[in-house]
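J.: Protein sequences, first through last, are from chains A and B. Residue 1 is where the first sequence starts when you use our numbering, and the numbers rise one by one after that. Residue 1 is where the second sequence starts when you use our numbering, and the numbers rise one by one after that.
It should be emphasised that the hints constitute simulated quantities derived from the structure, not laboratory data. As the structure is a prediction and not an experimental result, all values here were calculated from the model. We put the beta carbon where it would ideally sit given N, CA and C, even for glycine. A hint or two may mislead.
Said to hold, decoys possible - Quick list of the computed label-pair ranges, beta carbon to beta carbon:
| # | chain 1 | residue 1 | chain 2 | residue 2 | range |
| --- | --- | --- | --- | --- | --- |
| 1 | A | 242 | B | 194 | 37 to 45 Å |
| 2 | A | 375 | B | 287 | 26 to 34 Å |
| 3 | B | 52 | A | 79 | 34 to 42 Å |
Said to hold, decoys possible - Only some residues are given here: those of chain B computed to face chain A with a beta carbon under 7 Å:
| # | residue |
| --- | --- |
| 4 | 12 |
| 5 | 34 |
| 6 | 128 |
| 7 | 197 |
| 8 | 198 |
| 9 | 356 |
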Amino acid sequence: MESLFISLGLSEDLAIFITAIIVGTILIHFLAIFAGFMTWIERRLAARFQFRCGPNRVGPQGLLQWLADAVKLIIKEEIIPQGADQTMFRLAPFMTVVGVFATFVVLPWGPNWIPADLDVGLLYLISITALVVIGILMAGWASNSKWALLGGMRAAAQIVSYEIPVAMGLLPAILIAGSLSMGGLMRAQGWLPWDWIAFQNPFSMLAFLIFFVGSIAESNRVPFDLPEAESELVAGFFTEYTGFRFAAFGLAEFGNCWVVGATATAVFLGGGNLPGFLGENALISLLVFSAKTLFMIFVLVWLRWTLPRFRIDQLMEFSWKYLLPMSFVAFFGQAVFMLISWDSPMIQQVVSHAMFLGFLGLLFKFSTRVVANYKEHATPVNSRATDYVAPPVTEVEAEAAVAE
Amino acid sequence: MNKQLTTQYMTINMGPQHPSTHGVIRFIVETDGEIIHKCTPDVGYLHRSIEKIAEGVTWQGFVPYTDRVDYLCAMNANWAYSTAVEKLIGAEVPRRAEVLRVLSAELNRISSHLVAIGTCAMDIGAFTPFIQLLAEREYINDLLEMLSGARLTYNYICIGGVMHDAPPGWIDKCEEFVDHFDLAMEQMNRLVTYNRIFINRMANLAVIPAEMAIDYNLVGPNLRASGVKSDVRKDEPYSIYPELDFEIPIGKGVEGEVGDSYDRFFLRCEEIRESIKIIRQGLKLLAGTDGPIKGKVKNNIKPPVGHIYVRHETPRGDTGYFIQSNGTTSPNRLKIRSGSFTAMSIIEAVAPGTYIADLVAIIGSLDVVAPELDR
Chain A
1 MESLFISLGL
11 SEDLAIFITA
21 IIVGTILIHF
31 LAIFAGFMTW
41 IERRLAARFQ
51 FRCGPNRVGP
61 QGLLQWLADA
71 VKLIIKEEII
81 PQGADQTMFR
91 LAPFMTVVGV
101 FATFVVLPWG
111 PNWIPADLDV
121 GLLYLISITA
131 LVVIGILMAG
141 WASNSKWALL
151 GGMRAAAQIV
161 SYEIPVAMGL
171 LPAILIAGSL
181 SMGGLMRAQG
191 WLPWDWIAFQ
201 NPFSMLAFLI
211 FFVGSIAESN
221 RVPFDLPEAE
231 SELVAGFFTE
241 YTGFRFAAFG
251 LAEFGNCWVV
261 GATATAVFLG
271 GGNLPGFLGE
281 NALISLLVFS
291 AKTLFMIFVL
301 VWLRWTLPRF
311 RIDQLMEFSW
321 KYLLPMSFVA
331 FFGQAVFMLI
341 SWDSPMIQQV
351 VSHAMFLGFL
361 GLLFKFSTRV
371 VANYKEHATP
381 VNSRATDYVA
391 PPVTEVEAEA
401 AVAE
Chain B
1 MNKQLTTQYM
11 TINMGPQHPS
21 THGVIRFIVE
31 TDGEIIHKCT
41 PDVGYLHRSI
51 EKIAEGVTWQ
61 GFVPYTDRVD
71 YLCAMNANWA
81 YSTAVEKLIG
91 AEVPRRAEVL
101 RVLSAELNRI
111 SSHLVAIGTC
121 AMDIGAFTPF
131 IQLLAEREYI
141 NDLLEMLSGA
151 RLTYNYICIG
161 GVMHDAPPGW
171 IDKCEEFVDH
181 FDLAMEQMNR
191 LVTYNRIFIN
201 RMANLAVIPA
211 EMAIDYNLVG
221 PNLRASGVKS
231 DVRKDEPYSI
241 YPELDFEIPI
251 GKGVEGEVGD
261 SYDRFFLRCE
271 EIRESIKIIR
281 QGLKLLAGTD
291 GPIKGKVKNN
301 IKPPVGHIYV
311 RHETPRGDTG
321 YFIQSNGTTS
331 PNRLKIRSGS
341 FTAMSIIEAV
351 APGTYIADLV
361 AIIGSLDVVA
371 PELDR
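Using the sequences plus the hints, can you model the full thing?
T.: Shown next as structure tokens:
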């Protein structure tokens with residue numbers, strides 16, 4: 001796009017500046033709209049899991065429900081509780097939003113479609129998401145509410161603990177790709193599933209799982225949604241928020257889903273590559289990338305509406321006692337594996353093919369199980385009393401009435 | 001530098017309006033961070049003086065009020081009160097009415113337990129099982145609606161019998177539901193009962209040993225989960241329960257110690273299965289029984305002077321109705337003894353040392369229902 005502006009006769013600096021503004025505007029709007037759309041996805045899918053319909057009135061299939069919700073939230077009155085720290089209270093939602101939005105600088109859309117392909121892309125991603133926790137802690141502290149405070153503290157403890165396994169989980173991928181940049185990571189993966197980093201060997205698979213679980217915890221979703229556990233802490237850190245600032249927290253939370261899905265896709269699942277297609281064509285790779293990301297988001301929603309919630313001590317235990325040691329194993333195992341297979345690519349080939357076959361086997365087992373469950377799924381009975389007629393007065397009743 | 005950093009407990013008000021307290025219950029919780037130091041239940045937010053109202057209405061007129069004592073098992077409350085008055089006036093209840101009473105009460109027991117385990121799972125954070133169980137409860141509501149015309153407060157079991165006979169086709173629909181329900185329960189168990197996260201949250205939480213349960217006068221599923229085999233349906237059999245073949249499940253410490261929260265949860269699932277067994281037998285009895293559904297009871301009852309105490313097994317356990325009559329058209333004094341009240345009182349003893357998140361699990365597992373608590 002820069003070349004277009006340069007050909008129009010602008011200086012190079014100005015061209016880069018204008019391009020940055022245009023791309024930034026597009027991305028911010030994409031995230032805002034996607035976060036709204038994500039609420040629709042979440043609610044519709046949740047409804048399917050629960051034998052309900054979900055929002056289906058506003059627009060086709062309720063697609064515009066989120067617009068109505070957003071308008072409602074924006075025109076609502078902003079209430080700042082008495083005794084709240086005004087400045088911090090007002091600022092907090094935007095800190096979290098900035099933390100999520102800033103990740104889009106490095107989030108790819110295809111191997112050659114990256115707003116800024118930084119050399120330290122992954123490092124930047126990990127560090128910028130830490131801004132979110134500052135916003136949450138500020139919100140919890142400034143609200144002058146004990147529930148919000150508890151939620152904020154939980155969030156701080158949780159996000160900080162889970163950042164370590166997430167970062168450790170990304171290390172094996174970096175080892176394989178030999179690069180920290182998103183573009184480098186995506187180019188390191190071929191178009192066949194066993195060339196994707198997740199399926200290369202058991203250790204990279206383990207790293208992928210650790211990364212994904214840790215990311216769910218970092219984005220505060222079930223089963224790790226303790227900071228906003230509605231049955232314990234009312235609404236957690238945003239208990240006291242109303243109107244647009246409340247919406248901003250929602251924006252950050254749902255936008256984060258995209259960040260998690262996109263990172264997992266770019267780093268572990270081959271980015272914009274598809275069997276039979278290497279992500280060279282920008283448009284197709286964009287579509288493929290989005291489809292993979294949406295699938296990961298579907299998994300997030302699926303987990304959310306299936307699982308119960310951890311307790312805070314179990315959550316910490318899970319991170320420090322299980323995920324972290326496992327991520328060390330993954331990192332060390334990956335290094336050793338690379339050392340062994342350095343000179344003989346055959347080993348690498350065999351292992352990755354075996355991994356993919358194993359994955360296919362699991363998928364088959366899973367789908368047969370789903371089919372079996374579906375077949376013995378309890379079919380709803382129709383016991384509606386529509387044809388019900390009030391019973392006639394019995395003789396005894398009639399007698400009793402006469403006797404009175 | 002002799003300044004010391006002092007810390008103090010944080011007092012949190014949990015309720016009366018709090019998403020996990022299902023109705024207006026209030027706890028004053030002193031916490032040390034996330035750990036509960038002291039928890040004081042505060043009851044009385046849903047007090048409607050139902051017992052006092054009884055002194056101003058006729059004997060039959062109080063039946064609809066018993067619906068409101070515990071709206072999750074209105075049938076059982078109807079029945080307990082009606083039995084008490086029947087014993088006072090010495091009325092006979094026809095056999096068909098007894099069968100219908102057992103059937104409707106057991107259906108209501110299932111629906112009440114469904115809400116109990118559903119809300120318990122919801123407090124742990126699993127929202128889907130709650131919705132799915134409420135969907136099952138709708139089918140029971142449909143069946144009870146066919147019987148009584150109402151879906152929540154039935155006013156079905158009346159003094160001397162039941163209000164209406166089962167409409168044609170009710171038995172078939174009931175059988176259809178029972179067959180369907182086995183699968184639905186299996187589905188629910190897969191979703192939440194055998195879920196590792198759920199088990200870890202509930203097992204070994206708030207263990208109530210048998211002696212403690214008896215000391216605090218726990219009743220019903222909460223007492224049985226502590227390993228005490230006590231059920232009014234077996235201990236002091238009433239109605240046609242002696243003819244029916246069913247078992248009283250007790251807590252066995254499936255995943256942890258006997259009497260923990262998971263036991264209480266699991267026990268309710270098992271009780272649902274026993275109730276299904278009773279319903280299957282009851283439907284056979286109903287098909288083979290004919291006759292009136294209401295004994296001869298005058299509209300204007302004036303029981304002789306005296307008093308009576310009747311115990312019935314409701315989903316919340318041993319519910320007692322004490323009635324004192326001085327021979328007029330309304331009770332002189334009526335006292336309801338409810339299981340939720342004692343369950344509420346034990347929270348103060350078991351909560352300290354647990355986490356805030358555990359408190360909601362304890363409330364859920366003890367199945368405290370606010371309207372029954374305060375009456």
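J.: With a cut-off of 7 Å, does the beta carbon of residue 356 of chain B approach a beta carbon of chain A closely enough for the hint to hold?
T.: Holds - the Cβ of residue 356 of chain B comes within 7 Å of chain A, reaching about 6 Å at its closest.
J.: Honestly, do residue 242 of chain A and residue 194 of chain B meet the 37 to 45 Å range at C-beta?
T.: Given a distance of about 40 Å, which is inside 37 to 45 Å, the answer is holds.
J.: Holds or violated: is there a CB of chain A closer than 7 Å to the CB of residue 197 of chain B?
T.: Cβ of residue 197 of chain B sits 5 Å from chain A, so the hint holds.
J.: May I ask you to test the interface hint for residue 198 of chain B with respect to chain A, counting a Cβ-Cβ separation under 7 Å as satisfied?
T.: Check passed: Cβ of residue 198 of chain B comes within 5 Å of chain A, closer than 7 Å.
J.: Could you tell me whether the CB distance from residue 52 of chain B to residue 79 of chain A stays inside 34 to 42 Å?
T.: Distance hint for residue 52 of chain B, residue 79 of chain A holds at roughly 40 Å.
J.: Return the status of the interface hint for residue 12 of chain B: holds when the least beta-carbon distance to chain A is below 7 Å, violated otherwise.
T.: holds, 5 Å
J.: Going by Cβ atoms only, is residue 34 of chain B closer than 7 Å to chain A?
T.: holds, 5 Å
J.: Report holds or violated for the interface hint on residue 128 of chain B, using the least CB-CB distance to chain A and a cut-off of 7 Å.
T.: The hint holds - residue 128 of chain B has a Cβ within 7 Å of chain A, the shortest such distance being about 5 Å.
J.: Given the hint of 26 to 34 Å, is the C-beta distance from residue 375 of chain A to residue 287 of chain B inside that range or not?
T.: holds, 31 Å
Hint violations for this structure: none, all hints satisfied.
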